[in-house]
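Asker: Each chain, letter by letter, is given below.
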Amino acid sequence: MDTMPDNGHVLSADSTDRPGRFGPYGGRYVPEALIAALDELDREYAAARQDPAFTAELDHLLTTYTGRPTPITEAARFGAEAAGGARVLLKREDLNHTGSHKINNVLGQALLTKRIGKPRVIAETGAGQHGVATATAAALMGLECVIYMGEEDTRRQALNVARMRLLGATVIPVTTGSRTLKDAINEALRDWVTNVATTNYVFGTVAGPHPFPTLVRDLQRVIGVEARQQVLDLTGRLPDAVAACVGGGSNAIGIFHAFIDDADVALYGFEAGGDGVATGRHAATITAGSPGVLHGARSYLLQDEMGQTIESHSISAGLDYPGVGPEHAWLKDSGRATYEPVDDADAMEAFRLLCRTEGIIPAIESSHALAGARRLGERLGPDATILVNLSGRGDKDVDTAAKWFGLMNESGEVGA
Amino acid sequence: MTTSVAFEKARAEGRAALVGYLPAGYPSVDESIAALRAMIDAGVDIVEVGLPYSDPLIDGPVIQTAVDAALRAGTTTTDVLRVVEAVAATGAPAVVMSYWNPLDRYGARAFARDLAAAGGSGVITPDLTPDADDSWVPAAREHGLDTVFLVAPSSTDERIAMTTAACRGFVYATSVMGVTGTREQVGDAAAGLVERTRATTELPVAVGLGVSNAVQATEIAAFADGVVVGSAFVRRLLDAADPAAGVASVAALAADLAGGVRER
Chain X
1 MDTMPDNGHV
11 LSADSTDRPG
21 RFGPYGGRYV
31 PEALIAALDE
41 LDREYAAARQ
51 DPAFTAELDH
61 LLTTYTGRPT
71 PITEAARFGA
81 EAAGGARVLL
91 KREDLNHTGS
101 HKINNVLGQA
111 LLTKRIGKPR
121 VIAETGAGQH
131 GVATATAAAL
141 MGLECVIYMG
151 EEDTRRQALN
161 VARMRLLGAT
171 VIPVTTGSRT
181 LKDAINEALR
191 DWVTNVATTN
201 YVFGTVAGPH
211 PFPTLVRDLQ
221 RVIGVEARQQ
231 VLDLTGRLPD
241 AVAACVGGGS
251 NAIGIFHAFI
261 DDADVALYGF
271 EAGGDGVATG
281 RHAATITAGS
291 PGVLHGARSY
301 LLQDEMGQTI
311 ESHSISAGLD
321 YPGVGPEHAW
331 LKDSGRATYE
341 PVDDADAMEA
351 FRLLCRTEGI
361 IPAIESSHAL
371 AGARRLGERL
381 GPDATILVNL
391 SGRGDKDVDT
401 AAKWFGLMNE
411 SGEVGA
Chain D
1 MTTSVAFEKA
11 RAEGRAALVG
21 YLPAGYPSVD
31 ESIAALRAMI
41 DAGVDIVEVG
51 LPYSDPLIDG
61 PVIQTAVDAA
71 LRAGTTTTDV
81 LRVVEAVAAT
91 GAPAVVMSYW
101 NPLDRYGARA
111 FARDLAAAGG
121 SGVITPDLTP
131 DADDSWVPAA
141 REHGLDTVFL
151 VAPSSTDERI
161 AMTTAACRGF
171 VYATSVMGVT
181 GTREQVGDAA
191 AGLVERTRAT
201 TELPVAVGLG
211 VSNAVQATEI
221 AAFADGVVVG
231 SAFVRRLLDA
241 ADPAAGVASV
251 AALAADLAGG
261 VRER
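Protein chains in written order, with the numbering used here: chain X, 1 to 416; chain D, 1 to 264.
Among these hints, one or two may not hold up.
[What the hints assert, rightly or not] Only some residues are given here: those of chain X computed to face chain D with a beta carbon under 10 Å:
1. GLY177
2. ASN186
3. ARG190
4. GLN308
It should be emphasised that the hints constitute simulated quantities derived from the structure, not laboratory data.
We put the beta carbon where it would ideally sit given N, CA and C, even for glycine.
So here's chain X without its partners, still in its complex pose:
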């Protein structure tokens, strides 16, 4: 893996005075009981990243276990037929072991857990990809693993629940609140505050209290570092735009980060527009939210006038979250990145098109980025090169897609 630079690219220059801050965002809004564990994680991570043995072990796993570097694939038919003739390049995070970018982060955090000496890990999951990745790393490293997943999500991502259980994890369906990712995080935090002496919280995205937004970003940064060089090697120049889907925002930060200082590369994050932002049933946090505090950090969130969190809606369980990582909030305010909503219907159309033009079934999360790339292709024209982070594969979504496209018969089976 590339050496992981300090928290200080130009946009967070004040971070030395206020660790974990991205402009006014980020920070640590948590019960005092968790501070010692967050400090420990911060300290151990700072030491680990300077430790050649740690980085070598992580590198080795990323190469021999995960399959990095992941390739980029030129999506020529998709570009020609579905994206205004633009040159579309896919960063194939779907080809990682466990099927998404989530494994990049989890292997690093599981190694950190072992370094700290705790025997148990917990994690939240929405679509199940982070849960599967955590269960995988826990099995590999002999750690006890408990995954919190909203009951609603355990239904729509039943395949991933089975995968986690096969890997030896305990999956706890969360029945509070909206029964999705937000509530799974609440429950995981409650577990952590109770069992912090023996347990590390393997957080799945670039949200949450410091050091998670920095830690997870650094572990996902490999996506953009690889992709930037791969695009240069293939095309001889940098892409005009980079597109990624944004729920909490880990795959997006992962691919954006290496391009932040490349002023000519436009960065686009595509949020889940659900039924359409105007309907109020969406998960477009940056587009339609406002600054506040959720799950330990200041960032944009969907909230009412009293500061109560508003439930999000998306066909994609992995993007169905009313918050977003604080670094995205800062990239938005600074103008360095642009965030737009993609509604369910547009995402599913992009899903279908990628299947038919490239023979790749994408995750519904990633299909939001593909829909965004179509939009950018129309806008930028055939001379443009658009790099898309294909953050995960769609095996887990086959059931949802079959229903959406009417491939089920009346008894709910995929049949004649």
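Assemble chain D onto chain X, guided by the hints.
Answerer: Here is chain D on its own, set in the frame of chain X:
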């Protein structure tokens, strides 16, 4: 009355103060007022008025259930201030217990101003440490409100000193590592934490999390300046056949606990 006076009064009687929590708006705004007043009549010295929040990450299932119901019934921050006003009118100090985002959204200065105007004594902030944000403490000072921050068994001595330096009124020591809810045992960690906290401050130290009965109250009162009871009161409301029975049940528990802090 301020919280300091309430702690003084208890100390003069040679006992710990009893602090009782209920969320505003459960089962309704008026019934939460009735229950809090009944608590005071039965011997609770200081009340905590909970501001319902959608993501109460340090609360266990009992408080979550009541708070969810209060929010579904439409309880607003303005309702919470109305509860404070009605309770403070009895003369007992009322502090608000609130997660940070609803206060941030209301505006730290506006909330401090309106809480002081309602007769509130201060705010306990379970997910706001003094070093997390620099807007709350100055706003509270300007309006003479107590700033009550939490210390935990996992806190270092340095953090305890930093926290108590920012506290006014009293310090809230969490007896165990965990979320709110009744427990069989309230942890040996509590006595040690109170001792470490006292080494840094003259302020009274109240112990909460897990205390549900008079025996536990007596146990905690032996080494702390205040005993905080929350989930056990909420449980009484959740289990009641009707709101009037709930209020009576809360009063009975309050009387029992008031006996507990006087036992020695």
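Asker: Check the structure against each numbered hint from earlier and tell me which ones fail, lowest number first.
Answerer: Of the numbered hints given earlier, the structure breaks none, since each of them holds.
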